[in-house]
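Peer 1: If you read the sequences in order, they're chains A and B. Numbered by the working numbering, the letters in the first sequence go through residues 41 to 306 in order. Numbered by the working numbering, the letters in the second sequence go through residues 17 to 138 in order.
Hints are computed from structural coordinates only; laboratory data are not their basis. Be aware that one or more of the hints could be misleading.
Restricting the straight-line Cα-Cα distance to at most 20 Å, the calculated cross-link-like pairs of lysine to aspartate or glutamate (DMTMM-like) are [to be verified]:
hint: 1; chain 1: A; residue 1: 75; chain 2: B; residue 2: 42
hint: 2; chain 1: A; residue 1: 268; chain 2: A; residue 2: 141
hint: 3; chain 1: A; residue 1: 271; chain 2: A; residue 2: 198
hint: 4; chain 1: A; residue 1: 75; chain 2: B; residue 2: 134
hint: 5; chain 1: A; residue 1: 268; chain 2: A; residue 2: 174
Take a look, some chain A residues computed to stay more than 10 Å from chain B by CB distance [to be verified]:
hint: 6; residue: 77
hint: 7; residue: 178
hint: 8; residue: 195
hint: 9; residue: 247
hint: 10; residue: 254
Some chain A residues well away from chain B (every beta-carbon gap over 12 Å; in silico) [what the hints assert, rightly or not]:
hint: 11; residue: 113
hint: 12; residue: 142
hint: 13; residue: 176
hint: 14; residue: 265
hint: 15; residue: 279
hint: 16; residue: 282
This structure is a prediction, so every number in the text was calculated from the model and none was measured. Glycine included, every Cβ here is placed at the ideal spot set by N, Cα and C.
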Amino acid sequence: MNLNVFLSSIRNNPWVTPVTVMALVLGALLAISLKTQQTIRSASLPSNRFSGLAAAYRDQQEQLKMANEEISKLRERTTQYENEMASASEKAKLLNDSLQEAKFLAGLTPVEGPGIEVILQDSKKRPPANSPIDIENYIIHDSDLQRVVNELHAAGAEAVAINGQRIIANTAIRCVGPTVQVNSIALSSPYVIQAIGDPETLASALNLPQGVLADIQALDPNMVKIVKKNKIQIPAYTGSLVFRYAKPVVATPGGSAQEEKENGSR
Amino acid sequence: MNWLPVIALLIGFFVFYFVPLELPSDYAPYLSLATLSGLDSILGGIRAGVEGKFHVDVFVSGFIFNTLLAALLAYLGDQIGVDLFLAAVVTLGGRMFLNLSLIRRYYLTQWNISRQRDTERT
Numbered sequence: 041m042n043l044n045v046f047l048s049s050i051r052n053n054p055w056v057t058p059v060t061v062m063a064l065v066l067g068a069l070l071a072i073s074l075k076t077q078q079t080i081r082s083a084s085l086p087s088n089r090f091s092g093l094a095a096a097y098r099d100q101q102e103q104l105k106m107a108n109e110e111i112s113k114l115r116e117r118t119t120q121y122e123n124e125m126a127s128a129s130e131k132a133k134l135l136n137d138s139l140q141e142a143k144f145l146a147g148l149t150p151v152e153g154p155g156i157e158v159i160l161q162d163s164k165k166r167p168p169a170n171s172p173i174d175i176e177n178y179i180i181h182d183s184d185l186q187r188v189v190n191e192l193h194a195a196g197a198e199a200v201a202i203n204g205q206r207i208i209a210n211t212a213i214r215c216v217g218p219t220v221q222v223n224s225i226a227l228s229s230p231y232v233i234q235a236i237g238d239p240e241t242l243a244s245a246l247n248l249p250q251g252v253l254a255d256i257q258a259l260d261p262n263m264v265k266i267v268k269k270n271k272i273q274i275p276a277y278t279g280s281l282v283f284r285y286a287k288p289v290v291a292t293p294g295g296s297a298q299e300e301k302e303n304g305s306r
Numbered sequence: 017m018n019w020l021p022v023i024a025l026l027i028g029f030f031v032f033y034f035v036p037l038e039l040p041s042d043y044a045p046y047l048s049l050a051t052l053s054g055l056d057s058i059l060g061g062i063r064a065g066v067e068g069k070f071h072v073d074v075f076v077s078g079f080i081f082n083t084l085l086a087a088l089l090a091y092l093g094d095q096i097g098v099d100l101f102l103a104a105v106v107t108l109g110g111r112m113f114l115n116l117s118l119i120r121r122y123y124l125t126q127w128n129i130s131r132q133r134d135t136e137r138t
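Looking at chain A on its own, in the form it has when it is part of the complex:
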C-alpha cells in the first residue's frame, strides 16, 4: 500500500477525510477514557463490590461468633481436665482448688446467683421543638454504661455482664460509631446489664437520688428498667487473654530469694 492508494481513495470517496479526522479524535477520547477509568479503578473500590464486601463482613462476624463459642467450650474442657488430673493425688487437688478459684475470680467461669438486671435503652421520644435539650441526651452512651457498671461494683456486685459480655479486670467500655464496644464486641441498645450481688443493695444503689440514672430517668423513665432476680446466670469471659508486657513478680517468702541472690553476688 503506497501513498498513491491513499490519495486515490480520498479523491474517490469524499467521506474518507472527515471520518479520518473523527477517528483521530475518537482515538484520543478512547485513550483518555481508558486512562481515567484505570485511575478510578486503582484509586477507589468499584461500587459493584460493596455487596460482596458486606457479605464477607457478615461471614467474618459469624466466624468470630463461632470462634468465641469454641473458646468458651475449650476453656470448659480445660477445667474438666484440670479436675480430672486433680483426682489423682492430694497435692494436685490442692493446686487445682486454688487454680479454679483464680479462674473464678478472673471471670473465666460462668457464675450464677441472685442479683439484678438493668435494661437501658434509647428513648423513643424526641426532644420537644425549641428545647435546649440535645437529642444526644435521649440515647444511651458508653459513659452511662460505665457509670452504671461502676456503681454496681461499688455496691458490691461480684460479677457483671453487659449483653452477655462479662466485665473483667481489663474490660473496656467505649463508644465506636453508633455502637458501644464491650470487650471489643459491638453492642447496641437495648443494653441488658446483669449483676450478681445483693439485689436490694444493688437496686437501691442505682436508685439513689441524684444517682447515676437520675439524669436519664428524668428525661424519659422508659429508658431504664431495673428487675430484681433470684437467679441470674452470667457467662464466662470469652475474649483473648494475652499479656505481652505484664510479668508476674516472683513471690519471695520471707525475702529469702533476694537474700540468696545477694549472698551469691558477694
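Model the placement of chain B on the given structure of chain A, informed by the hints.
Peer 2: Coordinates of chain B only, in the frame set by chain A:
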C-alpha cells in the same frame, strides 16, 4: 477498503495514551459517553459513505448533538436518581450494530461482485 480511519484511530490512541493528560474522575461518565458517541458517528459516517449519502455537515453535527444529548441525559439522570445514560448507551450501541452490519453487507457484496468478474474473465 480504506484503512486511513483505522490508522488515524491508532495514532490518536497512542499519542494521547502517552500524553500525561487526564480528566478528573467526576467527568468519567461523560467522557465515556462522548467516546461512545464518537464511535457511533464514525460507523454512521462510513455507512453513509459507502451508500453514497455522506454529508460533512450531517456527520459533524450528528457527533456534536449526540454527545450533548448523551451528556445532558447523564446529568439529568444523576440529578433525579435514574440511570438515564443507559438510554444513550442502548440507542448508540444498537445503532452501531446496525451500521456495522450494513457496512459489512456492502463490502461483502463488492467482494462477491469482483470475484464473479474474475471468474467470468477466466
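Peer 1: Evaluate each hint against the coordinates.
Peer 2: Cross-check of the supplied hints:
1. A:75 with B:42: 14 Å, holds
2. A:268 with A:141: The hint is violated at about 27 Å.
3. A:271 with A:198: Holds, at about 14 Å.
4. A:75 with B:134: 48 Å, violated
5. A:268 with A:174: Roughly 32 Å between the alpha carbons, so the hint for residue 268 of chain A and residue 174 of chain A is violated.
6. 77: Answer for residue 77 of chain A: violated, closest chain B Cβ roughly 6 Å.
7. 178: Holds, because the least Cβ-Cβ distance between residue 178 of chain A and chain B comes to about 32 Å, which exceeds 10 Å.
8. 195: Since the minimum Cβ distance to chain B is about 55 Å, residue 195 of chain A lies beyond 10 Å and the statement holds.
9. 247: 52 Å, holds
10. 254: The assertion about residue 254 of chain A holds, with a minimum of 47 Å to chain B.
11. 113: 50 Å, holds
12. 142: 59 Å, holds
13. 176: At roughly 31 Å from the nearest Cβ of chain B, residue 176 of chain A sits farther out than 12 Å, so the non-interface label holds.
14. 265: 43 Å, holds
15. 279: Consistent with the label, residue 279 of chain A stays out of reach of chain B, its closest Cβ about 42 Å off (over 12 Å).
16. 282: It holds; residue 282 of chain A is separated from chain B by about 44 Å at its closest Cβ, greater than 12 Å.
Hint violations for this structure: numbers 2, 4, 5, 6, all remaining hints satisfied.
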